[in-house]
Amino acid sequence: MAPGSSTGLLRHPTLAGDRPPETTSERLVLALRDVAKTYPNGRAALRDVNLTVPEGDFVFLVGPSGAGKTTLIKLLIRDELATAGQVLLDGQDLGRLPRRQVPRVRRKVGIVFQDYKLLPRKSVWENVAFALEVTGTPGRRIGPAVDRVLRLVGLAAQARQLPTQLSGGEQQRTAIARALVHDPRLIIADEPTGNLDPLISWEIIQLLLRINEMGTTVLMATHNAEVVTALRKRVVGLEDGRVVRDEVGGAYHRED
Amino acid sequence: MLTFVVFSVRRAWQGFWRNSLMSLAATATMILMLLLLAGFWIIQTGLNAGLQFIEQKVEVVADLNDNAPADQLLQVETTLRGMPQVASVTFVSKDQALQDFRARLKARGQEDLTGYLDTNPLPNTLEIKLKNPQDYGNVVDYLDGQPTVVSQVTPIQNLVNQVVTVTNFLRTVGVVVLILVGLTVLFIIVNTIRLAVFARAEEIEIMRLVGASDAFIRWPFIFEGAMVGLFGALITLVVLAVVATPLQEFMYGFFRVLPLQFGTLVVRDLTLLVVGAGVGLGVLGSYVSVRSYLIR
Ligand SMILES: Nc1ncnc2c1ncn2[C@@H]1O[C@H](COP(=O)(O)OP(=O)(O)O)[C@@H](O)[C@H]1O
Ligand SMILES: [Mg+2]
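Those protein sequence lines, which keep their order, are chains E and R. Each residue of the first sequence is one higher than the one before, counting from 11 in the working numbering. Each residue of the second sequence is one higher than the one before, counting from 399 in the working numbering.
Calculated from the structure, these hints are not laboratory results. Just so you know, even glycine gets a beta-carbon here, dropped at the ideal spot from N, CA and C. Be a bit skeptical, because a hint or two may be false.
Said to hold, decoys possible - Computed Cβ-Cβ distance ranges for the label pairs, DEER-style:
#, chain 1, residue 1, chain 2, residue 2, range
1, E, LEU209, R, PHE402, 37 to 45 Å
2, E, PRO50, R, VAL637, 42 to 50 Å
3, E, GLN96, R, ALA613, 26 to 34 Å
Stated by the list, open to error - Simulated coverage check for chain E against chain R, where a stretch passes if three residues somewhere in it have a Cβ under 8 Å from a Cβ of chain R:
#, region
4, 125-131
5, 135-145
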């Protein structure tokens, strides 16, 4: 593990003010407690992060470039380990998770990136089916599941096309379909509209909102001020590795 | 489990053909390396066979008394055949020895003067071949203890020591060269496969992100490595079969003294070597290459 700079005992007062309640009747999909992440090169990307996300929430993660949004997401899928504090995903402490169990826990999360990360030589259908194949889903269950999510994201007609034959928005919808096909508890999107023009961005956001209405928790890191301000959802602001605000119904910029 | 095996083999097959350029490069490297390995192995085997033949030329020769009693002579021969160090015992009569001597003179084109002799000066002899040329001690001791039958044992100590020193040296050189070639081949193949896997790092990353277990990531690559190895080995064997006849002529010409069954032995061992090394190195290369993407 990377050398930790924080002991986790020394707590700074959180700028966000109130801590979210420790016990709720709601089920928490995510809970971060006093999380810090220092990269091996000594760069402290996150400090004293406390954050809980109950089932069914829709959360925007905002903040300038370099604030630590991507780092936070990497901790949530255990691509990186926190240097201090606890990261709980669906009640499981990722820091104590044996390596062998990481793949199983990752299937609870569907992840979407700015650059789509599609396999260029596989068709839309194959890209989505891939996520099921490589996790050992029996073949007879793959077909119906892929068809279902492709209908959901509106790509049933493009199923046989290659990613290079699709627009950016269609590629991102393919990536969302792939993230959804496992029926995850949580969808995490890291700047999913970063490469898309405003109109297409709205389409992607609306798709994520619809997925959220169907019961899946969504956490989305974004730079898109217009969208965040318009939707008045929960907004978690990161700055320099710290949570600087956490408001329900917030705008992109702080409104004091 | 069956799903898993079917999945892995199918993905290996797809992986091989969809990345045909990389697969081709890896297979071509595999073929070149296997040819190199096979070439050195053939040389090494020929060298060993030649050295063994030379060592077998070393034999203990016992000159016999002309008037040795037949039953005692038989007794000596039986005892020798029963000794564990002895490979074969041949009785050469004095008439036979004279004929051989004349034949050798004639072959060299020298004048045969033996016709002027009124008696045959050559003794009857026993030629004793040893399994290991260095094990002459007991045999010579035994022969020295039979004065009624044996008149004289040719001293062979110096000859044996010289021959064995030279052959052992050549054997060691052969083994060292073969090991060096083997290591080079290992290094080059593993690195070629590492490049091929590197070209697909994104695919591996996606597999990890969607929650594929290590086994699902690793095994298709291992099967693919085995496929590269097997294809490479088969093509290598075809190439070797094409050059087999001229090569064999060369080998017999070069080493002169190869035993007759040499050809078939080489074919069997060489097939095992090429297929084993190809598949083994392909699997090893894939294993270590994928491993670096899994450990976290
Ligand atoms: N692998 C890494 N090693 C070292 N520093 C890193 C690494 N990844 C990110 N960082 C640093 O951590 C900080 C937060 O980065 P990141 O989480 O990518 O921010 P954001 O996604 O909000 O732009 C930045 O200063 C970045 O340079
Ligand atoms: Mg980022």
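Tested hints:
As the Cβ distance of LEU209 of chain E to PHE402 of chain R is approximately 44 Å, the hint placing it in 37 to 45 Å holds. Between PRO50 of chain E and VAL637 of chain R the Cβ separation comes to about 49 Å, which falls inside the hinted range of 42 to 50 Å. The hint said 26 to 34 Å for the Cβ distance between GLN96 of chain E and ALA613 of chain R, and at roughly 29 Å that hint holds. Restraint check on the region 125-131 of chain E versus chain R: 3 residues with Cβ-Cβ distances below 8 Å, three needed, restraint holds.
Only when three residues or more bring their CB closer than 8 Å to a CB of chain R does the claim for the region 135-145 of chain E stand; here the count is 5, and the claim holds.
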